[in-house]
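Novice: Here is how the chains run, residue by residue.
There are 2 protein chains.
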Amino acid sequence: MSSEVMLTPKGAATRARIVEAAADLVLARGVGGTSLNDIRAGTGTSKSQLFHYFPGGKSELVGAIAAFQSERVLRAQQPSLGELDSWAAWQGWRDAVLAHYGSQRHWGCPIGALATELIGNDPERAADVARHMDHWRGYLRAGLSRMRDAGLLRADADPDTLALSVFAALHGGLLLTQTMRSLKPLEAALDGALTTLRAAAATG
Amino acid sequence: MSSEVMLTPKGAATRARIVEAAADLVLARGVGGTSLNDIRAGTGTSKSQLFHYFPGGKSELVGAIAAFQSERVLRAQQPSLGELDSWAAWQGWRDAVLAHYGSQRHWGCPIGALATELIGNDPERAADVARHMDHWRGYLRAGLSRMRDAGLLRADADPDTLALSVFAALHGGLLLTQTMRSLKPLEAALDGALTTLRAAAATG
Numbered sequence: 016m017s018s019e020v021m022l023t024p025k026g027a028a029t030r031a032r033i034v035e036a037a038a039d040l041v042l043a044r045g046v047g048g049t050s051l052n053d054i055r056a057g058t059g060t061s062k063s064q065l066f067h068y069f070p071g072g073k074s075e076l077v078g079a080i081a082a083f084q085s086e087r088v089l090r091a092q093q094p095s096l097g098e099l100d101s102w103a104a105w106q107g108w109r110d111a112v113l114a115h116y117g118s119q120r121h122w123g124c125p126i127g128a129l130a131t132e133l134i135g136n137d138p139e140r141a142a143d144v145a146r147h148m149d150h151w152r153g154y155l156r157a158g159l160s161r162m163r164d165a166g167l168l169r170a171d172a173d174p175d176t177l178a179l180s181v182f183a184a185l186h187g188g189l190l191l192t193q194t195m196r197s198l199k200p201l202e203a204a205l206d207g208a209l210t211t212l213r214a215a216a217a218t219g
Numbered sequence: 016m017s018s019e020v021m022l023t024p025k026g027a028a029t030r031a032r033i034v035e036a037a038a039d040l041v042l043a044r045g046v047g048g049t050s051l052n053d054i055r056a057g058t059g060t061s062k063s064q065l066f067h068y069f070p071g072g073k074s075e076l077v078g079a080i081a082a083f084q085s086e087r088v089l090r091a092q093q094p095s096l097g098e099l100d101s102w103a104a105w106q107g108w109r110d111a112v113l114a115h116y117g118s119q120r121h122w123g124c125p126i127g128a129l130a131t132e133l134i135g136n137d138p139e140r141a142a143d144v145a146r147h148m149d150h151w152r153g154y155l156r157a158g159l160s161r162m163r164d165a166g167l168l169r170a171d172a173d174p175d176t177l178a179l180s181v182f183a184a185l186h187g188g189l190l191l192t193q194t195m196r197s198l199k200p201l202e203a204a205l206d207g208a209l210t211t212l213r214a215a216a217a218t219g
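Line by line, the protein sequences are chains P and U.
Residue numbers for the first sequence, in my numbering: 16 to 219.
Residue numbers for the second sequence, in my numbering: 16 to 219.
Keep in mind that a hint or two might mislead.
As the list makes no split between identical chains, a pair holds if one copy fits it or if it spans any two.
[What the hints assert, rightly or not] Using 20 Å as the maximum straight-line C-alpha spacing, the simulated EDC-like pairs for lysine to aspartate or glutamate come out as follows:
1. Lys-199 with Asp-149
2. Lys-199 with Asp-173
3. Lys-25 with Glu-35
Hints were generated in silico from the structure; no laboratory data involved.
Let the hints inform the model, and build the full structure from the sequences given.
Specialist: So, in structure tokens, the structure goes:
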């Protein structure tokens with residue numbers, strides 16, 4: 016992000032518009048399948064304009080897309096995501112996740128797709144995506160920690176491991192929505208994950 | 016596969032060698048990041064040789080890579096994968112999956128990565144990958160059906176939904192091994208999935 020430029024409010028709005036339109040292109044065809052020429056054509060931007068807003072080129076733009084998609088995906092899970100300290104809240108989060116991904120034109124998760132594609136091609140951007148995913152997973156872990164402290168989970172339950180298992184179920188469910196073109200795997204994955212959490216509930 | 020050519024045993028061996036070497040290149044850099052020139056250089060194959068074995072070009076080669084990776088990944092899970100009709104067998108499968116992916120030079124799953132990358136770029140090959148994944152998931156479902164029939168799962172347990180939740184956990188765990196560069200998420204995902212199955216166990 017060291018190459019990021021200072022922008023006027025109007026410039027920031029233009030940059031945001033480019034990122035949003037480019038995010039859609041990358042979502043449909045992947046980073047590798049989307050050239051800077053495609054992005055210029057799809058966003059109605061000149062070469063010099065694109066260079067002005069993204070002096071670091073495609074990699075910098077991809078980093079901005081990852082941040083944009085991450086912010087959008089996390090916002091769609093709020094307020095549930097920040098309040099995962101009761102069983103009702105987990106159910107609400109499950110419903111919010113299904114509602115968000117079910118309302119998208121595309122299947123799967125833009126963040127998971129970026130993670131998979133960038134890992135071998137752009138380690139720096141892949142690390143950005145990993146950080147976004149850690150931030151996301153942190154909400155799950157924080158909720159589970161609070162539930163354990165409140166006595167809702169067994170004292171020996173490990174919030175970190177449980178959060179990992181829920182987060183994995185979520186992302187695998189999202190991957191399978193792509194291959195199966197159905198929301199059912201995501202539903203099965205989330206319900207399975209909540210069953211796993213319930214198995215760690217304090218009894219009595 | 017209609018463009019597939021008839022091959023002598025020697026020709027079949029050469030073709031298999033190309034597929035295996037190309038599979039490694041694609042694993043490291045993705046389909047989009049691997050050109051036919053890269054594949055020629057990486058496999059020591061001439062342009063006409065590559066066209067002889069893969070008259071359908073890169074897409075046909077990618078289809079062969081998907082079949083090769085699928086066969087390899089499924090073989091590594093055998094015999095457990097075909098015998099998932101006891102709790103001990105599920106534990107054995109979990110261990111086999113962890114051992115296989117833990118022994119790879121790369122993180123993540125070649126099949127899941129192909130699924131994500133091909134979905135927007137090559138619908139025909141994406142459908143091939145989806146079929147490989149359905150085949151894989153079918154083993155989980157078949158085992159769970161037999162367990163229900165044998166009274167190990169509750170009569171109202173749905174083998175299809177349970178298989179989906181386990182398969183999602185597996186693929187999400189594999190995705191997170193990539194972003195986190197650790198086997199821990201896969202372990203947490205599989206153990207979470209087995210907890211979900213245990214919650215559907217017949218009691219008494």
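Novice: Give me the numbers of the hints this structure contradicts, sorted from smallest to largest.
Specialist: Of the numbered hints, all hold.
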